[in-house]
Amino acid sequence: MLARTATSCAWARTKQLGAQSVVCKHLNLNQQQLQRIRIQANAAAPMQPQVADVYYEGGVDPDITAFQQHQKTAPRPEAAEEARTWAALARHATLATLSVNRETPGFPNASVVEFIVDSRGLPVLAVSGLSLHTADMLADGRVALSIASPNFASLADGRVTLQGRMRELSDAERVPLRDAFLAKYPTAFWVDFADFKWLVMEELSAVRYNGGFGMAGKVTKEQYLSASPDPVAAFAGPVCGHMNADHMADTIAMISHTTGLQKVSSAKLTGLDRLGMNAEVVREGQSFKVRLPFSRPAEDRKSIKDVIVEMTRAARASQSSSNSGGESKEGSSQ
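Sequential numbering of the sequence shown, starting at 177, is according to the working numbering.
By construction, these hints were calculated from the structure, which means they are not laboratory data. Certain hints may be false.
To be verified - Pair ranges (Cβ atoms, derived): (1) 290 with 346: 17 to 27 angstroms; (2) 441 with 231: 14 to 24 angstroms; (3) 250 with 330: 15 to 25 angstroms; (4) 318 with 478: 37 to 47 angstroms; (5) 315 with 441: 34 to 44 angstroms; (6) 315 with 370: 17 to 27 angstroms; (7) 384 with 267: 19 to 29 angstroms; (8) 279 with 251: 45 to 55 angstroms; (9) 238 with 444: 21 to 31 angstroms.
Glycine included, each C-beta is placed from N, C-alpha and C at the ideal position.
Model the full structure from these sequences, guided by the hints.
Spelled out as C-alpha cells, the structure:
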C-alpha cells in the first residue's frame, strides 16, 4: 500500500510541478525509479486516439482543404467492381451458418474457409463432411460469407459480405471447379477425400459492402453479378512491394504533385487498381489514407509500370521547377 501511495504521489507531483528534481528529492527516487512510475501511470491512463485533420471539414489548413476536395472526385472503381475484385482475390473468408448442432440449435456458427468464385462471382466451397458448418449448410443453405479486401489491416479497410443460399454440387458440376480450386490452392489435396463436399451459393440474396471509414455504399445483387473483377488488382502485391521498398520518395512526390498534399513524411502503397493506387501516409504525425489516381487507366501490368514512370517523371519535374523557383526568388532578394 505504501509503495502504491508513493507511486501515485510521485506521479501527481510530477504532473503538477513538471519538475523531476522535486519528486526525486522529496521521495528519494532515482531516475530509473521515476521512469518506472511514468510507465505505470501511462499504462493506467485512458488512451486518447488522435483524429487526423483530413477527417474534419472546414479546417484552416489550405493544403488539407485542397486535398479533401481532390479526394472527393478522385477516380475509384465502382463499389460493385471492388466487391467482385475482393471476392476473386481473397484467400480466406468467414462463413456464418445456422447451427443444427443439438447443443446450439439455431445459433450463428462462424468458421474460416477457403473458397473460389464461379464466373458469376458466387462463392464455391470444398468442405469436409465432418465439419459442423457442412452439416449446417446441408440442413439449411442460408449463409453469410464475409470477405476482407486483400490488404485488410483494420476497420479502415474494405470488406464485403455475401448473403445467400448454398447448394451441393453434383459430381459433374464439381470437375471444372476442382481445377480452379487447386489452381488457387495447389496444396489442397484433401479436397479429393471421400467425405469432402462441394457447395455453391446458388442464390444470392444480398450484398453488404463497406469500403472503410466513410466509404460504406449500397450494392445490389444485380450490380454485383453484372460487375467484373479489376484487371490489374492482382498485381498489387509485387508492384506496391517494390515501390515501398525502393521508391518511397517517388511515391511522396507523386502524392504531392497529384493531390496537392505537402509535408508528407512517409507513404506506403497498400493497393492498386486500373484507376489508381491507395496509400497510407504520415503527415505531421498524423496517419491517414490517400487515393492517388493514375494519369490514365492501366489495363495490364505493363501499363501500370508505364503510368507510374510517367507520373514519377512529372512529379520530379514539378519538384525541380519549384526548387528552382525558390532559389531564384532567394537569389533576387539578396
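Would you list, in rising numerical order, the hints stated earlier that this structure does not obey? 5
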